[in-house]
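Peer 1: Listed here are the chains, written in short residue letters.
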Amino acid sequence: GENVEQHPSTLSVQEGDSAVIKCTYSDSASNYFPWYKQELGKGPQLIIDIRSNVGEKKDQRIAVTLNKTAKHFSLHITETQPEDSAVYFCAAQTRYGGSQGNLIFGKGTKLSVKP
Amino acid sequence: DTAVSQTPKYLVTQMGNDKSIKCEQNLGHDTMYWYKQDSKKFLKIMFSYNNKELIINETVPNRFSPKSPDKAHLNLHINSLELGDSAVYFCASSQDWRGVEQFFGPGTRLTVL
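Quick note, the sequences are listed as chains R and B, same order. Every letter in the first sequence is one number past the one before it in my numbering, and letter 49, counting from 1, is 35. Every letter in the second sequence is one number past the one before it in my numbering, and letter 16, counting from 1, is 28.
It is worth saying that the hints were derived from the structure and are not from the lab. As the structure is a computational prediction, the values presented were derived from the model and not from experiment. Note that the Cβ used here is the ideal one computed from N, Cα and C, for glycine as well. One should not assume that every hint holds.
One-sided and incomplete, this derived list gives chain R residues near chain B with beta-carbon spacing under 10 Å [what the hints assert, rightly or not]: (1) Lys28; (2) Pro30; (3) Gln31; (4) Leu32; (5) Leu89.
My request is simple: use the sequences and hints to build the entire structure.
Peer 2: Encoded structure:
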């Protein structure tokens, strides 16, 4: 089945710097890749997603890139702010028979932005 | 208005007890999910219902039984609770069975003593 690896597990940056989180997936048939932000004590919140027919997507300070050949995708946060501090999860959507819509998550990256 | 809500937020119980967690979404979505997040923050799908019908059932013990009385509600009942069931359980919903843009609830922290 699909396997998603996420790196790094922790990331500490200074306010204003950029942060990059990388994920790889194993199933070449996966075609939807969302990123979630989880703040302490809250549920994961979808922040951006990308589909396999697109190489890059931007939303203000957040961007996601996808390399289908290499089977990896990355989250880029520019001009980081303390409120960006959270755990970030990547995911890949697999489609196997009755498991349509099944999201497989990476293990998360704890991002700390120091003022 | 909360899009996906869960009750209770915290649940502390003894081993062997039976408990239920409730979930409601007011987004008009057709598909709802239960996820388990363990102590290491790993998120894993447990079940998915589309229009009240089960469409995903991962390898979950039979002690876990989801029920969907209508497409806005998906409840999770757990029998004979075990220590290993301690986790945070998240409900989520998406527009349809394709599962894109899933919205998560705030979670229910279950502690089994």
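Peer 1: Compare the structure with each hint and give your call.
Peer 2: These are the hints, each one checked on the structure:
| no. | hint | result |
| --- | --- | --- |
| 1 | Lys28 | holds (6 Å) |
| 2 | Pro30 | holds (5 Å) |
| 3 | Gln31 | holds (7 Å) |
| 4 | Leu32 | holds (6 Å) |
| 5 | Leu89 | holds (6 Å) |
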